[in-house]
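Trainee: Protein sequences, first through last, are from chains A and B.
Once you know that position 97 of the first sequence is 97 in our numbering, the rest is easy, because the numbers rise by one and skip nothing.
Each number in our numbering corresponds to the 1-based position in the second sequence with 102 added.
The set of hints was computed from the structure by calculation and includes no laboratory data.
One or more of the hints may lead you astray.
Distance ranges between label pairs, derived from CB positions [said to hold, decoys possible]:
(1) B:Arg282 with A:Leu98: 53 to 63 Å
(2) A:Ser61 with B:Asp213: 25 to 35 Å
(3) B:Glu233 with A:Phe57: 18 to 28 Å
(4) A:Ser61 with B:Arg119: 47 to 57 Å
(5) A:Ala97 with B:Lys267: 54 to 64 Å
(6) B:Asp224 with A:Ala43: 34 to 44 Å
Using N, Cα and C, we set each Cβ at its ideal position, and we do this for glycine too.
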Amino acid sequence: MWPNQILLRAYLLRGVMIWLGVRMIVAAIVSLAGGSPLQLSAATSLEVVAISVILGFVEFSRRRERALLANLGVSRLILFWICLFPACVSELGVRVALGVAP
Amino acid sequence: MTAVLVADCVSKSFGGRKVLTSGTLRAFPRQLRVLLGLNGSGKTTLIKIAAGWLSADSGAVHYAGTCYPAAHLSKLARQGLFYLPDHDLLSDAFTVRRQLKMFRERFNGGDPDEAASQMGIDGLLDRRPSELSGGEKRRAELAAIFVRLPRCLLADEPYRGVAPKDAEDLTAAFRALAERGCAVVVTGHEVPTLLAAATHVTWCTAGTTHELGSPAEALRHYEFSRQYLGPRAFRAI
Numbered sequence: 001m002w003p004n005q006i007l008l009r010a011y012l013l014r015g016v017m018i019w020l021g022v023r024m025i026v027a028a029i030v031s032l033a034g035g036s037p038l039q040l041s042a043a044t045s046l047e048v049v050a051i052s053v054i055l056g057f058v059e060f061s062r063r064r065e066r067a068l069l070a071n072l073g074v075s076r077l078i079l080f081w082i083c084l085f086p087a088c089v090s091e092l093g094v095r096v097a098l099g100v101a102p
Numbered sequence: 103m104t105a106v107l108v109a110d111c112v113s114k115s116f117g118g119r120k121v122l123t124s125g126t127l128r129a130f131p132r133q134l135r136v137l138l139g140l141n142g143s144g145k146t147t148l149i150k151i152a153a154g155w156l157s158a159d160s161g162a163v164h165y166a167g168t169c170y171p172a173a174h175l176s177k178l179a180r181q182g183l184f185y186l187p188d189h190d191l192l193s194d195a196f197t198v199r200r201q202l203k204m205f206r207e208r209f210n211g212g213d214p215d216e217a218a219s220q221m222g223i224d225g226l227l228d229r230r231p232s233e234l235s236g237g238e239k240r241r242a243e244l245a246a247i248f249v250r251l252p253r254c255l256l257a258d259e260p261y262r263g264v265a266p267k268d269a270e271d272l273t274a275a276f277r278a279l280a281e282r283g284c285a286v287v288v289t290g291h292e293v294p295t296l297l298a299a300a301t302h303v304t305w306c307t308a309g310t311t312h313e314l315g316s317p318a319e320a321l322r323h324y325e326f327s328r329q330y331l332g333p334r335a336f337r338a339i
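If we strip away everything but chain A, and leave its shape as in the complex, we get:
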């Protein structure tokens, strides 16, 4: 069961913000290591997505929203997709925009 539109919009936006934060930190690290900060390798992009998903779950727990969502019938699997979707789409979008093969 998916959360209602207001919740979904808020959580997708939060997912994008988390992805943006992770992306910026990873880009800074790659830049310090002498690489291109924007054009990450496919493996690094996957790591960015994975870290974003984990941090998304951490954020649900930190804000103690999991009980509220569970009481609304939202399962952990749905939460996983809510965390995965914005990170995946954003990362893919950046790669396409930069002309890097997805």
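Put chain B on the given structure of chain A with help from the hints.
Mentor: Just chain B now, with coordinates in the frame of chain A:
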């Protein structure tokens, strides 16, 4: 009468420490049951397992006639269960009104304004939970429950840190829910408040549970009085 929820002979260990060996929790429609026990006796663990918030090492949860060997709160919530945790339930990301509306839209529930009025938080609906006091937050959570109108409510220490007046209102709300047919189970240590509210007492001790019956019967129970209520209460009895 048939129990709407039974957490049957559940056990749970944490890092080699056995908290529950064989605990059973039952919730019956129109009853307000209280689960009492010393700190560390497994009350919260049992209520979390019954709510599908924590997995048991053994045993099963039966809800509305279906057996759930691995119950999940989200699944049980869709069938009418509501779990009120011992920490804040409502999110600070949204106003109270918006969250009450979420329950209404999701479950075709009651009127948020009416529920807020019932819990005396009419003027606080457009605030976020972080802007509310502890007692007001509890009232807002109860308002969410009134919007949801669950078949079964499991409330973990709802009276903790709540002023006497708010505690009275919480009791009235739990009673009102029970009168509407909801099966209510509440834990806590506020013995006078809980015993005044309860229709049935379950005692959690030494990893297991004992059904003590009515509050009057519980007070007459020798071991419960001696071990849980303490020497002063025991002498009074």
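Trainee: Each hint: holds or not?
Mentor: These are the hints, each one checked on the structure:
1. B:Arg282 with A:Leu98: 53 to 63 Å: For leucine 98 of chain A against arginine 282 of chain B, whose Cβ atoms are near 59 Å apart, the range 53 to 63 Å holds.
2. A:Ser61 with B:Asp213: 25 to 35 Å: holds, 32 Å
3. B:Glu233 with A:Phe57: 18 to 28 Å: holds, 27 Å
4. A:Ser61 with B:Arg119: 47 to 57 Å: violated, 23 Å
5. A:Ala97 with B:Lys267: 54 to 64 Å: holds, 59 Å
6. B:Asp224 with A:Ala43: 34 to 44 Å: violated, 55 Å
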